[in-house]
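Chemist: Sequence:
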Amino acid sequence: MSLFKLTRLECKQTSGSGQSDDDVYLNVQVDNGKLKKKVWGGSHGENIEQGDTKAINLVYDVKDKLRVDLWEWDANSSNDLLGSAMIYADSHSGQCALVNPDENDEYVLYFEKL
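For the sequence shown, the positions run 1 to 114 when UniProt numbering is used.
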């Protein structure tokens, strides 16, 4: 078992190319367990703009892998998947790019192995 802390999320680019912000939230799945929805960001997402960094500070006990999905909440249409990352139990502290070329969004998820 390995403990991982999702520390922060950095917004490199929003779909509005810096002209608008995103309302984002995280879904996670530990190992092959049930998908946990909106573990960070709340029901309508955390507001984030290009250049912003937001603290997450969630800790998970991982036997095999931790899947993290970043979603953008949309009031008038279906929510958009902005990117996914897999963090494996044997990973070291680091970062993952969360990118959706169709939406032109780019984020970086930082994590620590505890």
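Honestly, the hints are just simulated from the structure, not real lab data.
One or more of the hints may lead you astray.
Heads up, simulated EDC-like pairs for lysine to aspartate or glutamate below, C-alpha to C-alpha not over 20 Å straight-line [unchecked claim]:
id, residue 1, residue 2
1, K63, D80
2, K38, E72
3, K113, D74
4, K36, D52
5, K37, D90
6, K113, D80
7, K38, D21
8, K5, D61
9, K37, D74
10, K36, E103
11, K54, D21
12, K54, D23
13, K36, D23
14, K54, D31
15, K38, D80
16, K5, D21
17, K54, D90
18, K12, D80
19, K34, D69
20, K38, D23
21, K54, E10
22, K12, E72
23, K54, E112
24, K65, D31
25, K36, E72
26, K37, D69
27, K54, E72
28, K12, D69
29, K113, D21
30, K34, D64
31, K63, D21
32, K65, D23
33, K36, E46
Pair ranges (Cβ atoms, derived) [as the list claims (entries may be wrong)]:
id, residue 1, residue 2, range
34, K65, D21, 14 to 22 Å
35, K5, N47, 35 to 43 Å
36, N104, D61, 31 to 39 Å
The structure displayed is predicted, hence computed values, not measured ones.
Built from N, CA and C at the ideal position, the CB exists for glycine as well.
Chemist: For every hint, state whether the structure bears it out.
Modeler: Here is what the structure says about each hint:
no.	hint	in the structure
1	K63 / D80	violated, 29 Å
2	K38 / E72	holds, 11 Å
3	K113 / D74	violated, 32 Å
4	K36 / D52	violated, 25 Å
5	K37 / D90	violated, 25 Å
6	K113 / D80	violated, 29 Å
7	K38 / D21	holds, 19 Å
8	K5 / D61	holds, 9 Å
9	K37 / D74	holds, 16 Å
10	K36 / E103	violated, 24 Å
11	K54 / D21	holds, 13 Å
12	K54 / D23	holds, 12 Å
13	K36 / D23	holds, 18 Å
14	K54 / D31	violated, 25 Å
15	K38 / D80	holds, 13 Å
16	K5 / D21	violated, 25 Å
17	K54 / D90	violated, 26 Å
18	K12 / D80	holds, 17 Å
19	K34 / D69	holds, 14 Å
20	K38 / D23	holds, 12 Å
21	K54 / E10	holds, 6 Å
22	K12 / E72	holds, 15 Å
23	K54 / E112	holds, 15 Å
24	K65 / D31	holds, 5 Å
25	K36 / E72	holds, 16 Å
26	K37 / D69	holds, 9 Å
27	K54 / E72	holds, 15 Å
28	K12 / D69	holds, 17 Å
29	K113 / D21	violated, 30 Å
30	K34 / D64	holds, 14 Å
31	K63 / D21	violated, 35 Å
32	K65 / D23	violated, 26 Å
33	K36 / E46	holds, 17 Å
34	K65 / D21: 14 to 22 Å	violated, 31 Å
35	K5 / N47: 35 to 43 Å	violated, 23 Å
36	N104 / D61: 31 to 39 Å	holds, 35 Å
Checked against the numbered hints listed earlier, the structure breaks hints 1, 3, 4, 5, 6, 10, 14, 16, 17, 29, 31, 32, 34 and 35; every other hint is satisfied.
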